[in-house]
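Q: Please model the entire structure based on the sequences and the hints provided.
From first to last, the protein sequence lines stand for chains A and B. Its first residue numbered 70, the first sequence is counted upward by one per residue in our numbering. Its first residue numbered 9, the second sequence is counted upward by one per residue in our numbering.
Accuracy of the hints is not assured; some may be wrong.
Said to hold, decoys possible - Here chain B is said to cover these stretches of chain A; the calculated rule only asks that three of the stretch's residues, wherever they fall, bring their Cβ under 8 Å from a Cβ of chain B:
| no. | region |
| --- | --- |
| 1 | 179 to 193 |
| 2 | 248 to 254 |
| 3 | 258 to 270 |
| 4 | 311 to 317 |
Hints in this document: simulated from the structure, not taken from any laboratory. Yeah, the Cβ is synthetic: ideal placement off N, Cα and C, and Gly gets one too.
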Amino acid sequence: MLTTKKSILDLIKEQVVLLDGAMGSELIAAGLPAGAPSESWNVTAPEKVKQIHKNYFDAGSNAVFTNTFGGTRVKLETQHHGDKVEEYNAKAVEIVRSVCPDDCFVGGDIGPTGKFLPPVGKATIDDFSENFLEQAKILAENGVDFFFIETMMDIKEAEAAVLAAHKVANIPIFASITYQKTKRGYFTVMGNSIDQCATILEKAGADVIGANCTIGSDDMIELIIQLRDATKLPISAKPNAGMPELRKGETVYPTIPDDFAQDIAQIVNAKANVVGGCCGTDPRYIRKIAELLKGK
Amino acid sequence: MAIFDECKEAIIQGDIDRARELANQALADKLDLNMVIDAFSEAIRHVGDLFDEGEYFLPELMRSAEAMKAAMAVLTPHLTTGEIETRSLGKVVIGTIEGDIHDIGKTLVASMLAAEGFEVYDLGADVPVATFIEKALEVDAQLICISALLTTTMVGQKKLIEQLVKQNIRDRFKVLLGGAPVSKNWVAEIGADGTAENAISAVKLAKELMVH
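A: Take a look at the structure:
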C-alpha cells in the first residue's frame, strides 16, 4: 500500500506544498522547561507533541515534521540525553504518523549538531556523518516519508547530512540553509553564499533546497528570488515571524499571521514550491497561508 | 617598518604560524614590543571592520583571533608587569546561562575580547548564575558577559542581576547581555549595562564601559 502512495515530490509538481510552523516555540508555549531537550517530550509528554502536530494538519499543512530537530546524538549529549537517541527519534515518527491524514506526509526533521568545524570549533566531517547516519536511519526505519534537513549554518555540515540521508533510504531529501542578511547580501555565518550552497546541495543529491530560520518573512522574499536564480530544483522557504522579544515576561514575535501570509504569497510568486513557518509561527500562520494558497 | 606591515598582514590573513614567527622575530630583533603589539591590535580591529562589512565571516574572525592569541602568547612574557597592566583592558567573565547550550556567539565574543586585550575567563555553556558570580569575585573581574539564545533562558540574565543586587555587589561589575532575542528594552528592564548586536560591537561596548 505504501508503495502506491505518491511521493511528496509528485505533490510539489501539482501544487504549492504547505509545511508546518514552529515546533520549538510551540513546545515552550506548552510548558517545555528551559534546559530540557524538545525531543524528551516525545516520551514524557507525547500527547502535547501530538496535539501540536494535529493542530498543524488541521490548519492545512500537507506535511508535518517529527519533533527531532535536536535528535542527533551529539546534540542530545550536550543536554545529557545521549542514551535516548533511538527512543526519542522512533517515538517522534510514531506520534506524527498517528495524526497524519492519508494524503499528507511525515517529514523526518534533522537539525544541526551545534558543533563546528575548525577554526570555529573542533568537530570533524566524520563526526557529522556518523551522527546524521544514526539519526536518519532511525527516522527512515520508523517510516518517515521524506527527510527535512534544516537550519544548517555551515554548508559542509548540510552536505554531510544530505549524503548520510542518501545512504540510509531512498526517500526525498529536503535541505534548508540558514542565511543572515549582511551588507553584502545573504550568507551563512560561515560565509557560504546562496550560489555556493545551491551548487553543493544539488551535487550531494538534495531533491528540494531552501532556506529557513533567523530571517523574517519580509527578508525571505529577496532571498528566494536569488535562490531561484541559483537552482532549477524545487525550493522550500520557512521564515521566522521576525525576531523574538521578551515583553513583560512573554515571548513575542513581531510579525502577525496576516503580514506573514502576505510575504509568503510573494515568496510563492518568486517561485518557491514549498512553504511553511519557522520560529514564532503557529497554526494561525499556517491557516492563513492555507487560505491564501487556496485562493490561487 | 616592513615587519609591522607583515604583522598586520598575518592577523588579517589569519595566519597563525606566521603571526607567531613574526612575534619571535620581533623579540630577536629587539624591537619595541609595544609598537609590535600596536600593529597586531590595529590589524585585529581592521578584521572586526571586515566582519561588520560582510567581507569576513565566523571562520576568518576566529582564525584572526587565534593568530592574535598566538602572537600575544609569545610577546606577553617579555613585557614588564607594569606594561601588562597598562595593556590589559580589564578582566571579563563570560558564559552562556544555565539551561542554554548555544555557545557559538559567546565563544566568538570571548575570542574577540581576548584578541583586543581583555583578560577573558570563558565558563562555557549551561553555566549557573552562582558560577558566574563566584568566578567574577575570584578573579576580581570588571565585566560579566552573559549569553542566552532562548527567550526561556533569558530570565537567567535577570536572575544574575538580582543575585548581584542581593549580595550587594551589583556596582562591582558591569553586566553585558548577549543573545539574538536580547533587546535594549530587556537590558533596561532588568537593569543590565548593555548589549550589542555582534561580537565587534560587543568589544567596542566593553571598551567604552571600562573607560567609565
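Q: Looking back at the numbered hints, which does the structure fail to meet, lowest number first?
A: Every hint satisfied by this model.
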